[in-house]
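Using the sequences and the accompanying hints, generate a full structural model.
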Amino acid sequence: MALLDIRNLRTSFFTHLGEVKAVDGVSFQVGEGEAVALVGESGCGKSVTALSIMGLVPPPGKIIGGEIIFAGEDLTKLSGQKMRHLRGNVLSMIFQDPMTSLNPVLNVETQLGEGLRIHKGMDAKAARARVIELLNLVGIPEAKRRLHQYPHEFSGGMRQRLMIAMALACSPKMLIADEPTTALDVTIQAQIIELLKELKVRLSSSILLITHDMGIVAGLCQRVIVMYAGRVVETGSVEAVFDDPQHPYTWGLLRSLPRLDARKDRLVPIPGQPPDLLASPQGCPFAARCRWAMRICVQKMPVMTSTDKGTVACWLQELGPQAVKRAREEVA
Amino acid sequence: MEPVLEVRDLKKYFPITRGVWQKTRGMLKAVDGISFDLYRGETLGLVGESGCGKTTAGRTIVRLYEPTGGSVRLHGQEIFSLSEREMLPVRSQIQMIFQDPYSSLNPRMTVGDTITEALEIHGLAEERRTERVGELLEMVGLGQEMAGRYPHEFSGGQRQRIGVARALAVQPKVIICDEPVSALDVSIQAQVINMLEELQEKLGLTYLFISHDLAVVRHISHRVAVMYLGRLVEVAPSDQIYDNPLHPYTEALMSAIPIPDPKVESQRRRLILTGDVASPIDLPPGCRFASRCPKVEARCHQEEPAMVDVGGGHSVACHLVV
Numbered sequence: 000m001a002l003l004d005i006r007n008l009r010t011s012f013f014t015h016l017g018e019v020k021a022v023d024g025v026s027f028q029v030g031e032g033e034a035v036a037l038v039g040e041s042g043c044g045k046s047v048t049a050l051s052i053m054g055l056v057p058p059p060g061k062i063i064g065g066e067i068i069f070a071g072e073d074l075t076k077l078s079g080q081k082m083r084h085l086r087g088n089v090l091s092m093i094f095q096d097p098m099t100s101l102n103p104v105l106n107v108e109t110q111l112g113e114g115l116r117i118h119k120g121m122d123a124k125a126a127r128a129r130v131i132e133l134l135n136l137v138g139i140p141e142a143k144r145r146l147h148q149y150p151h152e153f154s155g156g157m158r159q160r161l162m163i164a165m166a167l168a169c170s171p172k173m174l175i176a177d178e179p180t181t182a183l184d185v186t187i188q189a190q191i192i193e194l195l196k197e198l199k200v201r202l203s204s205s206i207l208l209i210t211h212d213m214g215i216v217a218g219l220c221q222r223v224i225v226m227y228a229g230r231v232v233e234t235g236s237v238e239a240v241f242d243d244p245q246h247p248y249t250w251g252l253l254r255s256l257p258r259l260d261a262r263k264d265r266l267v268p269i270p271g272q273p274p275d276l277l278a279s280p281q282g283c284p285f286a287a288r289c290r291w292a293m294r295i296c297v298q299k300m301p302v303m304t305s306t307d308k309g310t311v312a313c314w315l316q317e318l319g320p321q322a323v324k325r326a327r328e329e330v331a
Numbered sequence: 000m001e002p003v004l005e006v007r008d009l010k011k012y013f014p015i016t017r018g019v020w021q022k023t024r025g026m027l028k029a030v031d032g033i034s035f036d037l038y039r040g041e042t043l044g045l046v047g048e049s050g051c052g053k054t055t056a057g058r059t060i061v062r063l064y065e066p067t068g069g070s071v072r073l074h075g076q077e078i079f080s081l082s083e084r085e086m087l088p089v090r091s092q093i094q095m096i097f098q099d100p101y102s103s104l105n106p107r108m109t110v111g112d113t114i115t116e117a118l119e120i121h122g123l124a125e126e127r128r129t130e131r132v133g134e135l136l137e138m139v140g141l142g143q144e145m146a147g148r149y150p151h152e153f154s155g156g157q158r159q160r161i162g163v164a165r166a167l168a169v170q171p172k173v174i175i176c177d178e179p180v181s182a183l184d185v186s187i188q189a190q191v192i193n194m195l196e197e198l199q200e201k202l203g204l205t206y207l208f209i210s211h212d213l214a215v216v217r218h219i220s221h222r223v224a225v226m227y228l229g230r231l232v233e234v235a236p237s238d239q240i241y242d243n244p245l246h247p248y249t250e251a252l253m254s255a256i257p258i259p260d261p262k263v264e265s266q267r268r269r270l271i272l273t274g275d276v277a278s279p280i281d282l283p284p285g286c287r288f289a290s291r292c293p294k295v296e297a298r299c300h301q302e303e304p305a306m307v308d309v310g311g312g313h314s315v316a317c318h319l320v321v
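Chains as they are written, first to last, in numbering that gives the first Met the number 0: chain B, 0 to 331; chain S, 0 to 321.
I should point out that these hints are in silico values taken from the structure, not numbers from a laboratory. Mixed in with the good hints there might be a few duds.
FRET-style restraints, in silico, Cβ to Cβ [unchecked claim]: (1) B/ASP96 with S/SER154: 36 to 46 Å; (2) B/GLU238 with S/GLY142: 39 to 49 Å; (3) B/LEU202 with S/SER49: 44 to 54 Å; (4) B/ALA125 with S/VAL307: 51 to 61 Å; (5) B/ARG265 with S/SER154: 20 to 30 Å; (6) B/LEU105 with S/GLN21: 29 to 39 Å; (7) S/PRO14 with B/LYS76: 57 to 67 Å; (8) B/LEU202 with S/GLY142: 52 to 62 Å.
What the simulated footprint calls covered on chain S by chain B, stretch by stretch (three residues with Cβ under 8 Å from a Cβ of chain B suffice, anywhere in the stretch; the number is not a length) [as the list claims (entries may be wrong)]: (9) 180–191; (10) 250–259.
Heads up, the beta-carbon is just placed ideally off N, CA and C, and yes, glycines get one too.
Below you can see the structure in the form of structure tokens.
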């Protein structure tokens, strides 16, 4: 059984302009010890999905439907108190911006030890020992001296390591990392990715990595979930999604990327822009930008179908695998 | 070939002040002596990590910041000694595109007015300004009917197009693009990159393309200059710098970029840098990269390496290369 099983999750924001369907019927699973990437562009609902899992959707947002089954329990039905007991304990999250997600008036020992004292009932001495252990684990040198320092005394990369250490404090079953390296320089990003890779092997936690960077996905994850306009459009193993993508949006995403190791004459952008989530289209949300859109695409939402390597929500599948392949190669 | 823009020993220091009397306690050397040429019709990528001084360099070249030292010549004419009034015709030849399409447009002005303002300041197209605005908007892939709209009605990618139209209004020769696509999603980013390339071909523009994204820079640039803590460490033709990086910093930078291909990614070996970045306020005597360099030697801590031409348009500032 999967550790995390999300079924038809719907999260909306009720703004004065109307209902914004940020997450609109999302389903996927994350297995025990598995690293899964949730990719898509800004506004596709990937972060809101993460916040929904953590029970941290800010008002005016609200989970309005679906189930989030984590270790056999539906998180959407848990009380605030029970949820607090899970957060930072068995389920923890690393946020994008290490500057604003650490408390500036708490020193490292207090900040990282807080969860240990609350969730694990450790006394000050045990908590301190564990904090030192954690700092060593994430590669912060001179751990003992660093205990009494405050977040502002750390560099951006080191702060992100603190965040990771804090998230790992109670040995969570699942770690959600929301764009953990976006705010960092590439050389520092490389250090953090190496650290996550190493931790994945050593701690056997499941990782849900939320990112827009396909390069990071390729190096770190086993499975990919591609989101577009609040919906899952394709899922599959990393190899399948990169070598044999099925959804035209995934094709577009991969083709529009400039690559460091190859020179392309022209990038192939996706024309147009994502739909307005205040007035979601009736059919496939990608239809307006898709050069293969058929009449049915604008009329009816495609259903998620299984292929030999994953799942995809696209009407082109009805035409058979050969037609899909031909369509994909048309622009290459 | 004659360079369009010659930058020599460009310096920009910011004073660090403290206390009630704002006494100067030190200098932050954001740009500390960089030199390069920009040739007609080419794109020179200027890359580096945050705080390396790449943006300051771009802004100092167009004198948005007053330079601390050095010289910049446009078509042979020195521009740092010009008065503000004499700068005006120069500014119509060098324009700038900014990173953040949200804060670089005046929210209270229609797009048409924003572009017209540029034409007015430079006294251009007095008779047919509306037509010219329409032409410019068409040129960047927006319709002329959009001239009456306000910035908030546009998406990020469209706003960046407006920024480009505003820059093109005065028919510049050189455009300094400061992280023009960093704030955009990849599918939109590709649209803007393609547009910049097409405009370059059509209008014979020269770009200084400032970015931290090496994959984008490789795609768009003919030559690449790598900057570290206020200095250039390596300049080379784009393919050269990726296939044969000579400076250890360039090498580390290249190996740090993730490649969107699981097969390639699993084969790669990363060069992970350790050590802290030196402070631009209190620079060490030797090479600025010495504190993080995996190949560091004793002399690197004593002498600062000079830029050396190794042939084929490739130059590098490292003791170990020569």
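Hints violated by the structure (numbers, ascending): Hints 1 and 3 not satisfied by this model.
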